Amino acid sequence: MIRNYDKLIFELSKEGRTGYSLPKNELKENYCICQLPDNLKRGVAPELPEVTEFDVVRHYTNLSNKNFGVDTGFYPLGSCTMKYNPRLNEEIASLPTFAKLHPETPASLSQGALEVYYNLAASLSEISGLSAFTLNPYAGAHGELTGLMIMRAYHEQRGDTKRTKVIVPDSAHGTNPASAAVCGLQIVEVKSTANGTVDVEDLKPLLDDTIAGIMMTNPNTLGIFETEIPEIARLVHECGGLLYYDGANLNAVLGKCRPGDMGFDIMHINLHKTFSTPHGGGGPGDGPVGVRAGLEHLLPNPQVKRNSAGHYYIDTDETSAGYVSNFLGNFGVLLRAYTYILTLGKENVKMVGPLAVLNANYVKESLKNEYYLPIEGICKHEFVFDGLADKSTGVTTLDIAKRLLDYGYHAPTIYFPLLFHQSIMIEPTETESKETLDEFIAVMKLVAKEAVENPDVVKNAPHSTPVRRLDETTAARFPKTTYRQLKE
Amino acid sequence: MKYFPHTQQDIEQMLAVAGVGSLDELYGEIPQQLLFNREFALPEAMSEVEIRRFFEELGNKNSQLVCFAGAGVEDHYSPSVIAPLISRGEFLTAYTPYQPEISQGTLQYIFEYQSMICELTGMDVTNASMYDGTTATAEAMMMCVAIAKKRNKVLISQTMDPKVRRVVETYAGYQGVVVETIPERDGITNLDVLAEKLAGGDVAGVILAQPNFYGIVEDYSGVAELCHANKAMFVMNAKPSALAVLKTPAEWGADIACGDAQTLGIPMCYGGPYVGYLACTNANVRKLPGRIVGATTDVDGKRAFVLTLQAREQHIRREKANSNICSNQSLMALYVTIYMSVMGYKGLKEACSLSYSGAHYLAERLVATGKCTLVYDKPFFNEFAVKTSVPVTKVLDALVAEGILGGVRIADDTLLVCVTEQRTKAEMDKMVEIVKSL
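Line by line, the protein sequences give chains D and S. Position one of the first sequence corresponds to residue 1 (the numbering used here), numbered consecutively onward. Position one of the second sequence corresponds to residue 1 (the numbering used here), numbered consecutively onward.
Hints are not guaranteed to be accurate.
Unchecked claim - Sample of chain D residues with no beta-carbon within 10 Å of chain S, all distances over it, derived:
no.	residue
1	Asp199
2	Ser366
3	Glu439
Stated by the list, open to error - Capping the alpha-carbon separation at 30 Å, the derived lysine-lysine pairs in DSS-like fashion look like this:
no.	chain 1	residue 1	chain 2	residue 2
4	S	Lys371	S	Lys302
5	S	Lys349	D	Lys480
6	D	Lys41	S	Lys436
To be verified - A few chain D residues facing chain S, derived, Cβ under 8 Å:
no.	residue
7	Ile9
8	Val57
9	Gly112
10	Tyr407
The set of hints was computed from the structure by calculation and includes no laboratory data. Computed from a predicted structure; not experimentally measured. The beta carbon of each residue, even a glycine, is placed where N, CA and C say it ideally should be.
Chain D extracted, bound-state conformation (with noise of 0.2 Å):
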């Protein structure tokens, strides 16, 4: 590893230099693009920097050791499930069989990829207790969206045009909100019991004929199971309402229990959390849809089907709730999560769920001496603190995190939920072992100390990253967001 390597792409740039190669142009005679009205063309070069391919394999490599994955240590950051992502599946998606299929095939000639969407789905719906899904939409935002989209069309095509608000609990993901608000519905908040779960009697009042529905994610953001689940959804059916699940902390259940069977009508599963899928550092992801019997037509087309001679083929629908994307989706991402599937099978699928609860209890009942734990009792598969128990010390939750970026490990998701006002949430997942969690809940126990025995040590953390803290405010008051900004 270069030490402090600090070079922009651009910065290795010298004239003359080329990392690509072509084959030659034997038509360029006869078939020039100078031929091309010049009207037409660009004016200015673009900037774009002239380096070798091996200037460019050092520098993406020593970019690459800034950076902290799942593949470098513990990454217990909550509600993002961030599991151990599998070779096996970067591997089969890459099979060039796929990876060089245009997604122009026609089906007849596409038929082993419509059968890994078909058979994807049809797991999905297995694992989930729901009738069909779509996995059209590339991420848990987009499901999000194309979810709501689905319920509203459901409202629309019975007529009943006045249902245009969507309830969602005050802990819920602030993506709930602003997906509800592109899809056109106002949102109402309902509140939050003392132990975090929905308050019921709160819902109540809520529930009239302009409900079109209720988000809700199971167990919640605070990893808690909301065990009312059955009268809330026979309140928001009997409202004429559907249940959205929102399936950000489906690995909590996975194998337990079924969203289809707590009652939810739609739902979106996250294949980069529940599903082994890599993050990539922000995406691809995948976002499929799920609906219950009698919300099939309502699916985004393209829909995958298949005939009764076991010929997959390309539908639409004419009621569908629209079109969400350019074909089937993040199709190498559908590979790598049915790969994943194939890989557990029936029996260890089950396992997931317990496992990764049990992951996370151990971790919580290890270390709420030292962490403010509001919410006592079985969690799920995360759990919040809020902040040390020790109020004494001035040490945040800010600084907590960045402290543990020098002993090695990402932090856990912080500030979040908003219920508390230094909450720290963490998500162990199953694929991390009793001694990564032990060497985890001893450092976290030596933050604790450190907070009170060397409280500046934690303020001023972190130390020995590539860079530390930063200058936000500058970043945003004068922004540079290229480098020919950068250079004026």
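We have chain D already, so just place chain S on it with the hints.
Coordinates of chain S only, in the frame set by chain D:
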């Protein structure tokens, strides 16, 4: 199970610390009727050996064809260094750079991506990427409406890829935004109709394609002035690979540029993952959705990169959000960043030149067979539409029989044919011979 590290002894010790007697007890609070108690109707666990065989067999059910299909997705050269670099676990298995001190790799490549997209498009600022070109265009539509405030109509040209149009229309429909189509005339946008519609004074934005769905490079002279005189935003959905040669969205006077960057070397992979881009002028940056990376310094004065302008983001605006995008298509943004680094301006131009020459050669030869005529007499880039004297399905079937995907059928008698730098003269000659024999 190789992905579960727990030994029986680990489980027992951990249950003891957690204060429960069994794994089932961890779900003790859940109403009995909600617990799933039967076997899943899924296959049993497969070994790596079996999985490889399984997918090899599935893959063989897809035909491997020489690709002349385009319509938004093209078979471009992808330099060998990209796949191994983006597969590095430090990039692949990271998440959104919430902790910038240990995410400088991600943050810096996004900064480089932003720089390169701005160079190609000529725009001032871009976000860290979008899911794909269709959703990027839908977000551009939403920007127009947010900026115009009281106008809720957008115009989109009939020469736009229908796959883009239908996603824009879907998003618009749920927001009460009216999408009107600007009709085409001889394969290009009818600018007279555009002027008439703009004169209504209620248009928030105009969305045009470059090159358009038929591969034609449209002349948009005067469009920006027309839009701006009527207080409408001008959005251009442009193919980034072609911008090494073509007049940029900025040079045409566009306020927003968007599109799919698949043509910057990303494998076709049956439709994704690709990456959408969304760029705009400085004047509109506050309405630009998604993430943006900016340069800054750390407490020691060292140059560093960080997510910035976050006040625009939905996690602060929540129910007032103009967009719900949380993340980006980061790894694919890295893909095209490495692609542009390897290719440089010269390489991009050369790929354009090869594609252009090939397409023009093939078009001429197909016409010479007597079986095809060019649908439009307009300047095109690397894609063109031909009318065929025999039904298109027959043409495509004959070509498939010889291992060629001849294009995309856009009407019963019309075929859209695309040529990239990957196609050889021999492949084109073979295609021509087959068409001639029909």
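Each hint tested on the structure:
no.: 1; hint: Asp199; result: 17 Å, holds
no.: 2; hint: Ser366; result: 6 Å, violated
no.: 3; hint: Glu439; result: 13 Å, holds
no.: 4; hint: S/Lys371 to S/Lys302; result: 65 Å, violated
no.: 5; hint: S/Lys349 to D/Lys480; result: 28 Å, holds
no.: 6; hint: D/Lys41 to S/Lys436; result: 34 Å, violated
no.: 7; hint: Ile9; result: 5 Å, holds
no.: 8; hint: Val57; result: 5 Å, holds
no.: 9; hint: Gly112; result: 3 Å, holds
no.: 10; hint: Tyr407; result: 11 Å, violated
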